[in-house]
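Residue numbers (the numbering used here), protein chains in the order written: chain A, -19 to 370; chain B, -19 to 370; chain C, -19 to 370; chain D, -19 to 370.
Hints are computed from structural coordinates only; laboratory data are not their basis.
One copy or two, either will do: identical chains are not told apart, so a pair holds if it fits within one copy or between any two.
Straight-line alpha carbon distances no greater than 20 Å define the calculated DMTMM-like cross-link-like pairs of lysine to aspartate or glutamate that follow: (1) Lys(-16) / Asp13; (2) Lys(-16) / Glu28; (3) Lys31 / Asp13; (4) Lys31 / Asp57; (5) Lys139 / Asp210; (6) Lys357 / Glu97; (7) Lys158 / Asp272; (8) Lys172 / Asp43; (9) Lys197 / Asp134.
Number of protein chains: 4
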Amino acid sequence: MTRKLRMGMVGGGQNAFIGAVHRIAAFMDGKIDLVCGAFSSDPQRAAESGKALFLPEDRVYPDYKTMIEKEAQLPEDVRMDFISIVTPNSVHFGPAKLAMENGFDVVVDKPMTVSVEEAKELQEIVTRTGRTLALTHTYSGYPMVKQAKAMVKDGHFGKIRKIVVEYPQGWLSRLTDKEQSGGAEWRADPAKSGKSLVMGDIGTHAAHLAEYISGLKIIDLCADLTSFVDGRTMDDDGSVLLRFTDGAKGVLMASQISAGEENAVRIRIYGELGGLEWANEDPNNLIVKMLDQPRQLYRTGNAYVAPYTLSSFATHNTRIPSGHPEGLLEAFANIYRNFAETVSAKRDGQTPSAESLDFPTVEDGVRGMAFIETVVKSHESNEKWTKFDV
Amino acid sequence: MTRKLRMGMVGGGQNAFIGAVHRIAAFMDGKIDLVCGAFSSDPQRAAESGKALFLPEDRVYPDYKTMIEKEAQLPEDVRMDFISIVTPNSVHFGPAKLAMENGFDVVVDKPMTVSVEEAKELQEIVTRTGRTLALTHTYSGYPMVKQAKAMVKDGHFGKIRKIVVEYPQGWLSRLTDKEQSGGAEWRADPAKSGKSLVMGDIGTHAAHLAEYISGLKIIDLCADLTSFVDGRTMDDDGSVLLRFTDGAKGVLMASQISAGEENAVRIRIYGELGGLEWANEDPNNLIVKMLDQPRQLYRTGNAYVAPYTLSSFATHNTRIPSGHPEGLLEAFANIYRNFAETVSAKRDGQTPSAESLDFPTVEDGVRGMAFIETVVKSHESNEKWTKFDV
Amino acid sequence: MTRKLRMGMVGGGQNAFIGAVHRIAAFMDGKIDLVCGAFSSDPQRAAESGKALFLPEDRVYPDYKTMIEKEAQLPEDVRMDFISIVTPNSVHFGPAKLAMENGFDVVVDKPMTVSVEEAKELQEIVTRTGRTLALTHTYSGYPMVKQAKAMVKDGHFGKIRKIVVEYPQGWLSRLTDKEQSGGAEWRADPAKSGKSLVMGDIGTHAAHLAEYISGLKIIDLCADLTSFVDGRTMDDDGSVLLRFTDGAKGVLMASQISAGEENAVRIRIYGELGGLEWANEDPNNLIVKMLDQPRQLYRTGNAYVAPYTLSSFATHNTRIPSGHPEGLLEAFANIYRNFAETVSAKRDGQTPSAESLDFPTVEDGVRGMAFIETVVKSHESNEKWTKFDV
Amino acid sequence: MTRKLRMGMVGGGQNAFIGAVHRIAAFMDGKIDLVCGAFSSDPQRAAESGKALFLPEDRVYPDYKTMIEKEAQLPEDVRMDFISIVTPNSVHFGPAKLAMENGFDVVVDKPMTVSVEEAKELQEIVTRTGRTLALTHTYSGYPMVKQAKAMVKDGHFGKIRKIVVEYPQGWLSRLTDKEQSGGAEWRADPAKSGKSLVMGDIGTHAAHLAEYISGLKIIDLCADLTSFVDGRTMDDDGSVLLRFTDGAKGVLMASQISAGEENAVRIRIYGELGGLEWANEDPNNLIVKMLDQPRQLYRTGNAYVAPYTLSSFATHNTRIPSGHPEGLLEAFANIYRNFAETVSAKRDGQTPSAESLDFPTVEDGVRGMAFIETVVKSHESNEKWTKFDV
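Okay, chain A solo, but in the shape it has when bound (with noise of 0.2 Å):
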């Protein structure tokens, strides 16, 4: 990279959870500045936090639309290059369109939308415009987890055929304060959300983890949702059985009623040969399992030696050093600069390599809301066995 990329932000004012993830995970490696944002609908919320965040008065806009009209008319040298989409899921198709059709480019938070629908159109002005679009699915941002995805595709495992992933939380086990004083806690709001809150919210990282480790695609499977919370309109549980390409089988849960769970990711893929299990609130470690074999822990940051070697994926995501832990907002971070150095290389001509264009994408966009609407149709049918296709 020959120059830091300029970022501006839609959402994400004071307070916002998501916003400041976003922020940690662009300026860490010192390769993106914030330079503008559309923070808040409420004036004031937008110009306190353009304050805290040590930005220009006049690059502190109203609404996405201003912003990106404004920024469009900016010198070269110092408009935005991109736009982070931070703000509720109805409000991602807009500004991710707009941005693309007037040159910039897009991270945008998961889900991508809230239809299959609006995730086609993204994914045709993605083609049509030639604008790369990042989704923080972050927990494929993890060193780890590219190792996992490494190994299986080297067939270290055999052919794959089981597939367990999770995703328990425990924080929706009661209505929120939002949702007692009958106020907007917008993941539970269907208008805002979309049309799973379970699905939306965490299913949909449960889902991609699987098919991006995996290599392999969902093809049928077979849900059942609820909602256990008096009071709460959408559903906050949900399992479903999978079937995947190439004859796997396989389990997902998705849980925000898992009281006393906090952000409890697992996943674990069987081979003929062996099985591997990573999970998000211990992701320095892999475990493998190989038949006959005692256990092995691979452990990120480490130089191995072959046959151990750590696949370059692994590393290109790693930043210190074996034994000083690595988070989540470093897989986070990993996400913005793979971005960063693909939009970077394509302005200067170059061809990303293979490491900085290993994030999720438009189609991860499509898969994801086309995830969501399977659960939910097959959720309310009495067959079995429910088809997902994009």
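On the provided structure of chain A, position chains B, C and D as indicated by the hints.
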């Protein structure tokens, strides 16, 4: 107990894994002696087994019928008190029935029979004869499993919402030597094993554990079974969506092709107020996760003070101080000891304590067989949900 | 073995913790019967203990001297074969000596005696009488400890450089009820316990474990002992710098005031090529950490292939398949079983196998007593290093 | 903060591990910009480093003296605010002194200097100039370490009795490539590293952590240092018995030849009422072990209710919700952010919050150097105890 109980064994000749386990479990507490056996239909193997177990030749019998007949004729202070049945599943029903009808009590390995029909007949015989039958669902013998059950019952977690129980193994990832040689891996032979390999061998353990701890009953299920290994006639993997009484939902996974797994039984149960987690491979830990509180680790054998005091069901089944791990053999021995205490109390005209009575019975055996048959029925159905009734 | 061995017990009356452990360990494998005992100097407690253990009244003796004298007069096919000594430390020497001099073998709890002098006299008696003496340093009975020893011996880790062994407990963080009532917590009474509480009770286990696995001997040490609890006369915590043969160094920590710890024995050994780690509270795991390779987790009971094949010393001491945890009682039982196999082989004029002979002996007892005395001597010295010789 | 702080870096040219870590830590929160640097004495490497960091050529300086001199002449709203010193230990004192004497604040990597004498001079300069100096003892930046400190201070564990702190690494189990080639592994070169390799590089982290959490001070120690690797001139392993103020005792182990270990910092502290345990490789867990209660696992980022409420010092240093792991880079960033908040508050004439002021200072640096020198003195002495005073 005023004297040791005398045990006769059916099956369990030399090199039979589960017979040896039963004997260790029976011997450990010094309350049971092995006095006779019908160890094998092969006379030489039977004789050698008897000798290795230090039995007199005249109490090593050629088959269970002879054993039961001859022992019944011995003086009351010599003859066996009960039989332990450790044969393949298809040879559980016969000796159990004959023993009870001749005045002997019974310990039988799981699954209790090869059909619901047989199971119900045993249930009827127990009712008619008043004999005691214990079924060795080992995992319910662990102190921390009993603690979990007690805490659920006490309302510690509030109303139960979600149950995830799993039993992954990897040892059938390939055809076994016996299968390959065309020989008798009896578990994989429907004639000896029953309608499902994976559910009979291990799934039924998982189902029992879920119902034992939660106090709930499965009422509907949706199953997907698979036979992954070429050349195997029976299923070796299965996943099941569950619906329980009182509105709880769950997932049960049983797999023998999860390559690299050993005996990784694990259960997680979530209620309105918190959740619990227990695993066979780390059995002295009960992880308790309450909303708004640090996680707690209840450990076997501790003299916690109120409100953490361990249940009498946990302490009754613990032999040594905390930090000194007890394992599967002790859990197994708890079933034998509680059975022995119950049988002795009954003989002495006393009422067994609630703690002594806490072992799996013929009712659990009937539900176990119904679980297997319902899973198979669901697997073969295109309907999403299949009713589980007994 | 052609017959069961017959055991007499010295100490271990009702409610005595360690006596019950010894009995379970002796019974588990069906190779040893309890035939007599001198359980208590209190006649009523002795009688009740005998009754609870289903012994005939005439083989419940008032004291060990009477027991040894009377049993020696019984017919050869009736009298006990060996005694198990589970009394306070000060009553180890007497019965051990008398038993061996009357032709009986001996299992004795650790520490072997209360002085090096006594220990050396027992060593002389063993040599003179040719009897077998086993010392219950339990932790060396675990399969994964034996695997560790085998791997060190095979040079897997190269030359050993560093040994860290620790045994933290918390149960003496306060005066015990017995101490508070001015009564007999014999462990904390120098007259019954010996020169050091913490080193006699648990430090000697740690020292034995370090020497057992590493094959090295402590040659110099530097100790700091403390009595932290007001009202206690003996030490309850100690830390020791160690120097071993062949240039290895180490640290040994033993503590009974590490509040909240249970029995957290742990050892780590590092060589030129890699290290190992083992812990009592997770005893079926042996963590192997080789330079440049993923960590490996060797687990009890697996049929690994070369070069990972488990040592015959590990498999000989394993009863059940991998993933089914074995615990402290099985480790204890391994000492009894190996002792029984050795005694039986000798009686039958056979040479015991190397695996059977693998239990702690009188030599370990002598080193244990010398360790305790050297630690106390070092503690009282202002010199940094105190020589450890026997 | 009303504006970002401007940082100049001394050392940290391309491929220098610790410089990159400092930059990530400084950038992450968007409160610090890198504006200049003296990255290397090699002009080409310096230029390339500056370019890779997107700096203008005129702010890449040939050495720290030039940098400090030139920056001091720049306008107040352009020039750097502070320097970050990431050079070998022998080049800490010079730039720190010069910076403070020219009105710049300082972040310096540990150990602060190469002698107590230098350290005390820096302490005097801090006092004289009123400048702010932060020392990057990273482990004290973790939220759960701060929680531990707060709980000890609140008396949660009662009077502290025992502290065990350890820092095993394995990366110096062999001569490094630089050592082998006769080149400059500066850590192992006494001229650049100071009096002890193992204590300067990692032992001083362990000592700081023990004093930071416990609030106690080491007053006497007894050390044994070793150089295990042939061809290495400095020590690579050390064990130390400790005596603290208020009667506590402890053990400190630092080792760089613990083959297979990564950065396994771990501390355990035991008081009259309970104990705590924390480890760098699992940093979001604080294990709390109270007498008579189940173990508790305090985890970063949770909104526990009273009496479990996390300390404001823990929450101030946490960025994301529980279950999303934060790692070493975030701990490092906490030092930078707290330093930046403190410096900004002072500039703005405000009093920094207690939470902002919670970073290691020049006083910690003086104690760290005294620790190293006292350990070396003890190692060379035949007396058991060497007094630790500053």
